[in-house]
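Chains as they are written, first to last, in our numbering: chain A, 15 to 168; chain B, 15 to 168.
Derived by calculation from the structure, the hints in this document are not laboratory data.
Among these hints, one or two may not hold up.
[To be verified] Here are the simulated DSS-like cross-link-like pairs (lysine-lysine), alpha carbons at most 27 Å apart as the crow flies: (1) A/Lys-131 to B/Lys-156; (2) A/Lys-59 to A/Lys-16; (3) B/Lys-65 to B/Lys-27; (4) B/Lys-59 to B/Lys-27; (5) B/Lys-131 to A/Lys-156; (6) B/Lys-131 to A/Lys-131; (7) B/Lys-65 to B/Lys-21; (8) A/Lys-131 to A/Lys-16; (9) A/Lys-21 to A/Lys-59.
Quick caveat, the model's predicted, so the values are computed rather than measured.
Protein chains: 2
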Amino acid sequence: MKLTARKIGAVLKSRGYRLTPQRNAILSAVTASHDHLTPTAIHEKVRREHKNIGLVTVYRTIELLAELGLICEVHSGGNCHSYLLRRPDQHHHHLICSGCGTVADFTSCDLSDMEQKVSRQTGFDINSHLLEFMGLCRSCQKDDRPEGSVSGAK
Amino acid sequence: MKLTARKIGAVLKSRGYRLTPQRNAILSAVTASHDHLTPTAIHEKVRREHKNIGLVTVYRTIELLAELGLICEVHSGGNCHSYLLRRPDQHHHHLICSGCGTVADFTSCDLSDMEQKVSRQTGFDINSHLLEFMGLCRSCQKDDRPEGSVSGAK
DNA sequence: CTGTAAATGAAAACGTTTTTCAACTGCGAG
DNA sequence: CTCGCAGTTGAAAAACGTTTTCATTTACAG
Ligand SMILES: [Mn+2]
Ligand SMILES: [Mn+2]
Ligand SMILES: [Zn+2]
Ligand SMILES: [Zn+2]
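Given the sequences, and given the hints that come with them, work out the whole structure.
Laid out in structure tokens, this is it:
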């Protein structure tokens with residue numbers, strides 16, 4: 015069942031959030047678009063009708079919608095990376111410990127079956143993928159931290 | 015065969031790049047660390063010995079090393095995202111067209127086998143993953159653009 | 001040693017995201 | 001319907017992270 019601006023509005027209210035004109039405008043912009051939009055792009059779109067809306071509001075609304083799982087986030091390849099020495103020669107992927115930041119490598123990645131399937135389903139000609147696992151490394155599982163005590167990189 | 019600062023230095027030279035003290039310092043910092051480091055983190059590390067090195071140089075060197083595949087890039091969850099309306103209710107992933115930016119959904123994702131395997135191999139307790147496919151959508155395959163003419167979002 | 005193209009650092013420009021705070025308003029209680 | 005207030009907003013500034021510019025320095029081939 016497809017999400018509409020109206021439905022999302024209802025979800026917001028049911029969760030105790032207010033349904034403001036600004037939020038409605040943002041909902042319309044997002045539901046109307048078949049693209050993925052950056053916060054700025056959303057702002058520009060919304061602005062056409064709602065000239066005075068602040069970019070801050072866009073950020074706040076996006077955050078809210080993402081939290082509630084009403085919008086999806088795409089990693090648009092921008093600049094939010096950290097780096098580490100390459101260890102395996104081969105194509106591989108990473109596991110990142112959300113406790114301490116440790117990164118482990120994973121080489122036996124076989125997405126080709128999935129890629130084929132997806133390719134057939136969608137008609138896309140796939141040429142690369144981004145795959146990362148998140149979790150707790152062995153030692154962080156033991157530590158069993160108090161909560162919210164991530165120390166790792168960044 | 016593990017990459018060392020020395021070996022990477024050799025690669026650089028063999029590719030016609032100069033081996034400067036700054037680059038060496040960065041290589042040492044990166045090879046010494048078992049963590050993934052942000053550009054700023056690398057800068058801070060390197061600075062201890064090489065007080066005058068500029069953050070610009072760190073950025074330039076990282077770019078170089080990444081291009082040559084000597085370091086790996088981890089998507090550290092920062093802020094480089096675009097957003098779109100959630101379409102499938104279920105857990106799913108995205109295919110992004112590098113031609114026009116179109117995003118397609120892919121629901122039949124089954125990484126659980128891989129997750130189990132990786133989990134066994136590394137001892138990680140995996141609780142989430144990031145998976146995205148990149149490629150050309152059907153219509154962009156036809157268009158066969160001149161080159162570098164991405165128009166999509168962002 | 002020298003000449004030259006490559007590399008560097010300081011500073012400024014940039015684009016994005018967050019913080020702050022005073023003003024405003026959606027909406028439920030009365 | 002009105003009132004009151006917690007929730008929401010916008011302007012502005014601060015905080016970031018990254019890139020550009022440009023004059024100066026330097027690695028290294030010849
Ligand atoms: Mn999604
Ligand atoms: Mn890697
Ligand atoms: Zn850990
Ligand atoms: Zn396309």
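Consistency of the hints with the structure:
1. A/Lys-131 to B/Lys-156: holds (21 Å)
2. A/Lys-59 to A/Lys-16: holds (22 Å)
3. B/Lys-65 to B/Lys-27: holds (25 Å)
4. B/Lys-59 to B/Lys-27: Measuring from Cα to Cα gives roughly 24 Å; hence the hint holds.
5. B/Lys-131 to A/Lys-156: With Cα atoms ~21 Å apart, B/Lys-131 and A/Lys-156 stay inside 27 Å; holds.
6. B/Lys-131 to A/Lys-131: holds (21 Å)
7. B/Lys-65 to B/Lys-21: Roughly 24 Å between the alpha carbons, so the hint for B/Lys-65 and B/Lys-21 holds.
8. A/Lys-131 to A/Lys-16: At roughly 24 Å apart (the allowed maximum being 27 Å), A/Lys-16 and A/Lys-131 satisfy the hint.
9. A/Lys-21 to A/Lys-59: Given pair A/Lys-21, A/Lys-59 holds - Cα atoms ~20 Å apart, limit 27 Å.
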